[in-house]
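S.K.: This is what each chain is made of:
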Amino acid sequence: MLTVDSVVKSFGRRKAVDRVSFELATGEVLGFLGPNGAGKSTVMRMIAGRLEPDAGRIRIGAHDIVQSRRAGQRLIGYLPEGAPAYRTMTPREFVTFCLSARGHSGTALRKARELALERARLGDAANQQIGTLSKGYKRRAALAAAIAHDPPLLVLDEPTDGLDPNQKHDVRALVREMAADKAIIVSTHILEEVPAVCSRVIVIDKGRTLIDEDPHEFASRSRTGRLDDAFRSLTRPAVQETPA
Amino acid sequence: MMRGFAGFLAVYRREMRSWFTTPLAYVFLAAFAFAAPAFAFNVGRFFDTNRADLATLFAYMPWLLMILMPALAMRAWAEERDRGTLEILLSLPVSVGSIAAAKFLAAWSVALGALIATFPLWIAVNYLGQPDNLAIFVAYAGAFLLAGSYLAIGQALSAASGSQVTAFVLSVLASLILTMAGLPLVTDTLSGSAPAFLVEALAWSSVLERFSAFEHGVVGLGDIVYFLSLIVFGVAAGGLQAGASREGGR
Chain A
105 MLTVDSVVKS FGRRKAVDRV SFELATGEVL GFLGPNGAGK STVMRMIAGR LEPDAGRIRI
165 GAHDIVQSRR AGQRLIGYLP EGAPAYRTMT PREFVTFCLS ARGHSGTALR KARELALERA
225 RLGDAANQQI GTLSKGYKRR AALAAAIAHD PPLLVLDEPT DGLDPNQKHD VRALVREMAA
285 DKAIIVSTHI LEEVPAVCSR VIVIDKGRTL IDEDPHEFAS RSRTGRLDDA FRSLTRPAVQ
345 ETPA
Chain B
1497 MMRGFAGFLA VYRREMRSWF TTPLAYVFLA AFAFAAPAFA FNVGRFFDTN RADLATLFAY
1557 MPWLLMILMP ALAMRAWAEE RDRGTLEILL SLPVSVGSIA AAKFLAAWSV ALGALIATFP
1617 LWIAVNYLGQ PDNLAIFVAY AGAFLLAGSY LAIGQALSAA SGSQVTAFVL SVLASLILTM
1677 AGLPLVTDTL SGSAPAFLVE ALAWSSVLER FSAFEHGVVG LGDIVYFLSL IVFGVAAGGL
1737 QAGASREGGR
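First to last, the sequence lines map onto chains A and B.
Mind the numbering: the first sequence is residues 105 to 348 in the numbering used here, read in order.
Mind the numbering: the second sequence is residues 1497 to 1746 in the numbering used here, read in order.
For reference, chain A alone in the conformation it holds in the complex (with noise of 0.2 Å):
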């Protein structure tokens, strides 16, 4: 479903992604982990096309990302870093917008909508103004809005960010749920999510692949098992784990 070959970005001077590859196929979860300013979110934004790459190629099914941008586009749910959204749009205008700039109309089109408003949880907040509900309300908003079309691919920048425990729970039994057909990148700092959700994860730090297995491999590679200290001793600079 998605190919990911050698790709590489940069900001100004700074390489924000180096030669980062993977290969995603339908049903598989992938967990994609990294310290703060590792380039996850650049990757996925790539991925996304809202930003091309400055080498490599993605390609989403059988399109290229920057050679046919618009087709790989309908083939993705994008839930950006920070879930941005309309303030003064209530979630069902956000999702009805959203499933409008794809061409959906009509009856499919409020289908469409109810269904993802549904499996958001939103609740009575579907026809609030974004700009009035608590962060984990917006977060909803806007995952309702990337799951609406139901895309075969999902690119989902930390889904989880701000809500509470029920609200984590709900997110995360719906990836699981949507996982079955559909390849589900999920972006997180939240590590207890990666065994509960993903079937596969990716470390990059630096711009840079550093690991890429499955979950239970992952955990092995700490003496304790414990997911936080394998991710801390691939990723903590060599400075910090021998004090002066």
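To be clear, the hints were calculated from the coordinates, so they are not data collected in a lab.
Keep in mind that this is a model prediction, so the values were computed, not measured.
Where a beta carbon is used, it is the ideal one built from N, C-alpha and C, also for glycine.
Don't take every hint at face value.
[Claimed, not checked] Over 12 Å on every C-beta distance to chain B, these chain A residues come out as not near it, computed from the model:
id: 1; residue: Glu156
id: 2; residue: Arg174
id: 3; residue: Gln177
id: 4; residue: Thr194
id: 5; residue: Ala216
id: 6; residue: Asp274
id: 7; residue: Lys286
id: 8; residue: Leu314
id: 9; residue: Asp333
[Said to hold, decoys possible] Stretch by stretch, here's where chain B covers chain A in the computed footprint (C-beta under 8 Å, at least three residues):
id: 10; segment: 127-136
id: 11; segment: 196-205
Could you slot chain B onto chain A? The hints should help.
M.R.: The following block gives chain B in isolation, referenced to the frame of chain A:
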């Protein structure tokens, strides 16, 4: 093709909604409906001219539009960038050209509403005398094109600026230069020191010169092409600038 149009229509509707679900458009329309006749009555001395026409309204139109159109244009791209919604917009399967065109046409529709808000004055002159309604219509068409030109330039600067305030200031400045270029104050000052062709080119490029053709009802194809070119240039520049953010940064 249909899909491309669906994207355009969705963005146009969203833009129109965002104007009319907040007080923005209403404040703007009210300000225009008040300011335009205020100029005509107080500065243009509408009643003292003793003529049944709208010459005094259109004489001050470029100056009014020069300030108010940048206010309408400044949010086009800068707000999307500020709020992070450009991320949503540019990840939709819609061409940036469609987005730019939709944003422009939505703002231009509000500008049309503002011009329509001055129609009571048109009705009034018909009540007071027998004006040349065709000439008034042509002048309104000119004002609409002029408003579009200021808007397109403002939206291009909104795409290039980091903030709405910067976009507004730059747009007013750009509109001022475009307007002032044809004034005798500028051309006479320059005629002593600058080559004649430069002074002529400057006068030629002035919106004031082109708009006066509409005011006097003697419109050439060149005048229409001039305004349409400014509009196409501004919309394209805004779209290209927004699209260029795909190459790096926000």
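S.K.: Hints first: check each against the structure and report whether it holds.
M.R.: Each hint, compared with the structure:
no. : hint    : verdict
1   : Glu156  : violated (5 Å)
2   : Arg174  : violated (4 Å)
3   : Gln177  : violated (4 Å)
4   : Thr194  : violated (10 Å)
5   : Ala216  : holds (14 Å)
6   : Asp274  : holds (22 Å)
7   : Lys286  : holds (17 Å)
8   : Leu314  : holds (25 Å)
9   : Asp333  : holds (34 Å)
10  : 127-136 : violated (count 0)
11  : 196-205 : holds (count 5)
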